[in-house]
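Listed here are the chains, written in short residue letters.
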Amino acid sequence: MPLIPMGDKPILSISDMSIVFSSPDEADIEAVRQVDLTLTPGKTLALVGESGCGKSVTARAVLRLLDKNADIQRGSIIFAPGDAEATDIVQLRQDSLPLRAIRGNQISMIFQEPMSSLSPVHTIGDQIDEMMVIHEGLKPKQARERTVALLDQVGIPGARERADAYPFQLSGGLRQRAMIAMALACTPKVLIADEPTTALDVTTQAQILDLLRQLQADFGMAMLFITHDLGVVAEIADEVAVMYLGDVVEQGSVFDVFAAPKHPYTQALMSSIPKMARKADRVRLSPIKGTVPAPRDRPQGCAFTSRCPYAFEPCATIRPERTAIGDNHHARCHLLTRQPAEAAA
Amino acid sequence: MSTLLSVEHLSKHYTLSGGLFGKERRLDALTDINLTVEAGETLAIVGESGCGKTTLGRCIIAAQSSSEGRVVYHPKSGGDVELTALSKREIKPWRKDIRMIFQDPMSSLNPNMRVFDIVAEPLRIHKICKGRELEERVISTLEKVGIPAEAVGRYPHAFSGGQRQRIGIARALVLDPKLVIADEAVSALDVSIQAQVLNLLEDLKAEFGLTYIFISHDLGVVNYIADRVVVMYLGHVVENAPTELLFERPRHPYTELLLEALPIADPLRRKGRKTEARGEIPYLGNRPVGCPFNTRCKYAEDRCRTEKPALRSIHGSAQEAACHFAEQLSLKGAYDDAPTKEFA
Chain A
1 MPLIPMGDKP ILSISDMSIV FSSPDEADIE AVRQVDLTLT PGKTLALVGE SGCGKSVTAR
61 AVLRLLDKNA DIQRGSIIFA PGDAEATDIV QLRQDSLPLR AIRGNQISMI FQEPMSSLSP
121 VHTIGDQIDE MMVIHEGLKP KQARERTVAL LDQVGIPGAR ERADAYPFQL SGGLRQRAMI
181 AMALACTPKV LIADEPTTAL DVTTQAQILD LLRQLQADFG MAMLFITHDL GVVAEIADEV
241 AVMYLGDVVE QGSVFDVFAA PKHPYTQALM SSIPKMARKA DRVRLSPIKG TVPAPRDRPQ
301 GCAFTSRCPY AFEPCATIRP ERTAIGDNHH ARCHLLTRQP AEAAA
Chain E
1 MSTLLSVEHL SKHYTLSGGL FGKERRLDAL TDINLTVEAG ETLAIVGESG CGKTTLGRCI
61 IAAQSSSEGR VVYHPKSGGD VELTALSKRE IKPWRKDIRM IFQDPMSSLN PNMRVFDIVA
121 EPLRIHKICK GRELEERVIS TLEKVGIPAE AVGRYPHAFS GGQRQRIGIA RALVLDPKLV
181 IADEAVSALD VSIQAQVLNL LEDLKAEFGL TYIFISHDLG VVNYIADRVV VMYLGHVVEN
241 APTELLFERP RHPYTELLLE ALPIADPLRR KGRKTEARGE IPYLGNRPVG CPFNTRCKYA
301 EDRCRTEKPA LRSIHGSAQE AACHFAEQLS LKGAYDDAPT KEFA
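Those protein sequence lines, which keep their order, are chains A and E.
Going by UniProt numbering, 18 is the number at position 18 of the first sequence; the sequence numbering is gapless.
Going by UniProt numbering, 337 is the number at position 337 of the second sequence; the sequence numbering is gapless.
Think of the hints as simulated: they come from the structure by calculation, not from any bench.
Where hints are given, some of them may not hold.
Pulled from the structure, derived: some chain A residues nowhere near chain E, Cβ distances all over 12 Å [stated by the list, open to error]:
# : residue
1 : R64
2 : D95
3 : D164
4 : C186
Computed, partial: chain E to chain A, Cβ under 7 Å [claimed, not checked]:
# : residue
5 : F116
6 : P263
7 : K332
8 : G333
Here a beta-carbon is modelled for each residue, glycine too, at the ideal position from N, C-alpha and C.
Input sequences plus hints: build the corresponding full structure.
Shown next, in the form of structure tokens:
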């Protein structure tokens, strides 16, 4: 049985969030324009997009780990753990006690580069113990017992001895496992994984994806999984949200979105990856024309206008509405709301 | 088809100092590599980090010296050139024929040089042309890869990752090479840009009659672009086969493991595999006795732990594998059309 009761009630809802980066000598950049996402216990939401689309910024905003020059200008991040009152994380003061009680404890994060996000001068055991000592007030001895059990659970062989190892003594795969153990130390209700397998080899990646799936079944946490790899999305996600230049352009169940992508950007992404097919069935890739514009050159309306093969009159100037296509499947595209008369014209 | 390049019994080892009192140790990065590259084909070299695929590429163009064995280039003009036996000066003319594209377009272009000079440099070094002719050749090459003529005066930082990779490709192509070694040339790019560069590489190959050695860890891309695939593990070639045969029915358990681990962008084909603790790549300096893969192989038997299998043709076909049981094992390929798991 999962430790956290499953339900359909969202545990974390991000609505209408916008994040602006300011710089002393340039105009402000709105890295995230409008993001709406909900996480449900026991489910994985994959946030996918190319570099610079704002997926990592969105994830860091949930833990308020943004740099000083970034500001959440609008929107809310409601954390509703069920057993306690809901909190709007955006309203909490940076480094205030309530925020620190959530961060690392109720919501925790796995980073891409385990080598640069683990402390090089502490053993992994000490780093994991610390979490439990701080958040749960355990005695160091008790904490170590739990750490060893955790390391064992994430598949580190010889857990008791390895707890005394420094990160540099472990391989990339083991380091990522240690990182996952640390994120799970306080049995979080929400786990944010920012490209956790990107730096790993395929065989190690497959092991880590298996592990995350297994742990989710055991712990029942909600997972926000950030990646740029559609193959990984197809492997791990229940739901997927596609981001482009600060907007979530399409969102829905992984089966719906892969079977029938509705936004031209999602469609283009899908046809950019080589299919695993025999030579006879091989089709030439149809890449998206051009490159992602810089945020300051982003069109007023739909961000994808400049590269979209179907762009028509309102796209450049009017932001498309979030349109429901099916059961929990949404996209922001004018094509979906175009009147039949217009289409014929 | 004629053979353009052959690699014969190539080995590369490094000597590690054992510290003040320790013994020196030998680390074998490449062990007895044999392969040929046919003119006009795209040969992919795949494997995980540390398997020696980059070292092999660098040994072929003699950017790195090899310890044993030979790399022989067979130019169209006839005659065999043993690249590994040439001095730095003697090899220079052949560097025109064999060019390299690097992985990271951020660090492989000199940030202090204009794009024009980056692409012109090889022409100047090899004293091929100058003045008007040089200018025309540089600009036409850049246009072929999709960099507009008005951008040639800019510095690399003004370009995006995909454009920088195009500049790297132009630099390789400007000398009219025969063989291009692309070392993870699309790995650092976003998918939409990666597709553009893959298409570009294909078009250029057709236009200039190029031969590629495509070093990559991404089997999806390899299946798309390669005619033949060489799979490496711990400095050994464990399988060498035409792409379709290899993906249809691999003959080496390591190839099967790689294909099984490959995430497929289709949730209906989600693998739903069980976590099978299959371990990690051993440290190169601590290579197992016998078959290098025996510590992770689920089919390993006693023989694998004592006797090293040689690379050999399977049933006399074009598919070669280094496994004692290559004929007996029925390994799973990647072209699985039926969904393997129904979704709830």
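Now for the hints, and whether the structure bears them out:
Interface exclusion of R64(A) from chain E stands, the closest Cβ pair being 28 Å apart, more than 12 Å. The beta carbon of D95(A) is kept farther than 12 Å from every beta carbon of chain E, the shortest such distance being approximately 34 Å. No beta-carbon of chain E comes within 12 Å of the beta-carbon of D164(A); the shortest separation is about 20 Å. C186(A), annotated as away from the interface, keeps every beta carbon of chain E farther than 12 Å; the closest lies near 23 Å.
Of the supplied interface hints, the one on F116(E) is violated, with its beta-carbon coming no nearer than about 21 Å to a beta-carbon of chain A, more than 7 Å. A hinted interface residue such as P263(E) counts as satisfied when its beta carbon comes closer than 7 Å to some beta carbon of chain A; here the least separation is about 3 Å, so the hint holds. Because the closest C-beta pair between K332(E) and chain A is about 13 Å apart, greater than 7 Å, the hint is violated. Because the closest C-beta pair between G333(E) and chain A is about 10 Å apart, greater than 7 Å, the hint is violated.
Violated hints for the displayed structure, listed by number in ascending order: 5, 7 and 8.
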